[in-house]
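Novice: Every letter in the sequence shown is one number past the one before it in the numbering used here, and letter 9, counting from 1, is 25.
One or more of the hints may lead you astray.
In silico PhoX-like cross-links for lysine-lysine, where the CA-CA straight-line distance does not exceed 25 Å [what the hints assert, rightly or not]:
#: 1; residue 1: 33; residue 2: 79
#: 2; residue 1: 58; residue 2: 79
#: 3; residue 1: 62; residue 2: 33
#: 4; residue 1: 146; residue 2: 109
#: 5; residue 1: 62; residue 2: 75
Hints in this document: simulated from the structure, not taken from any laboratory.
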Amino acid sequence: MTILTETQDNDFITRFKSGDSTAFGELYDRYAERIYRFVYYKIFNKEMTEDIVSDVFYKALEKIDSYDAEKGPFSAWLYRIARNTVIDRYRTKKETLDIEDVFDLGVNERTEEKLDAEAMLEKVSQYLEK
Numbered sequence: 017m018t019i020l021t022e023t024q025d026n027d028f029i030t031r032f033k034s035g036d037s038t039a040f041g042e043l044y045d046r047y048a049e050r051i052y053r054f055v056y057y058k059i060f061n062k063e064m065t066e067d068i069v070s071d072v073f074y075k076a077l078e079k080i081d082s083y084d085a086e087k088g089p090f091s092a093w094l095y096r097i098a099r100n101t102v103i104d105r106y107r108t109k110k111e112t113l114d115i116e117d118v119f120d121l122g123v124n125e126r127t128e129e130k131l132d133a134e135a136m137l138e139k140v141s142q143y144l145e146k
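Full structure from sequences and hints, please.
Specialist: Printed below as a string of structure tokens:
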């Protein structure tokens, strides 16, 4: 069955390169759900997954001439594009947060004293257990 699928994929690619624009739509229909699941289980965000899947198929459409059936099946080529697109998204979308928003210590919290008291209580608990 895999060989038949690869042959069908290659037929669609040949048709697309010959001017049949619907042939790429057939490839999209065949792989969109699989690529969606692949991406979703890497990032767990519906909206971002939809954007990435769109990017994957756009890149595949743009680079279809670079696909070489001798190097592997179309599906592997498409999954590689998806993986690289996810990686690129993480690289370019690094979020930075202000340290004050993340690590909010008030001036009057007396953190050092609280930590010392907790350490002392731990020692007392250990002593009582003995």
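Novice: Would you check the hint for residue 58 and residue 79, treating anything up to 25 Å between C-alpha atoms as holding?
Specialist: 24 Å, holds
Novice: Has the given pair, residue 62 with residue 33, been kept, meaning a C-alpha gap of at most 25 Å?
Specialist: Violated - the C-alpha atoms of residue 33 and residue 62 are around 32 Å apart, more than 25 Å.
Novice: Sort out whether residue 79 lies within 25 Å of residue 33, counting only the CA atoms.
Specialist: Satisfied, since the Cα-Cα distance of roughly 11 Å is no more than 25 Å.
Novice: Residue 146 and residue 109 were given as a pair; does the straight-line alpha-carbon distance stay at or below 25 Å?
Specialist: 53 Å, violated
Novice: Between the alpha carbons of residue 62 and residue 75, is the straight-line distance 25 Å or under?
Specialist: At roughly 20 Å apart (the allowed maximum being 25 Å), residue 75 and residue 62 satisfy the hint.
This entry does not satisfy hints 3 and 4, going by the numbered hints stated previously.
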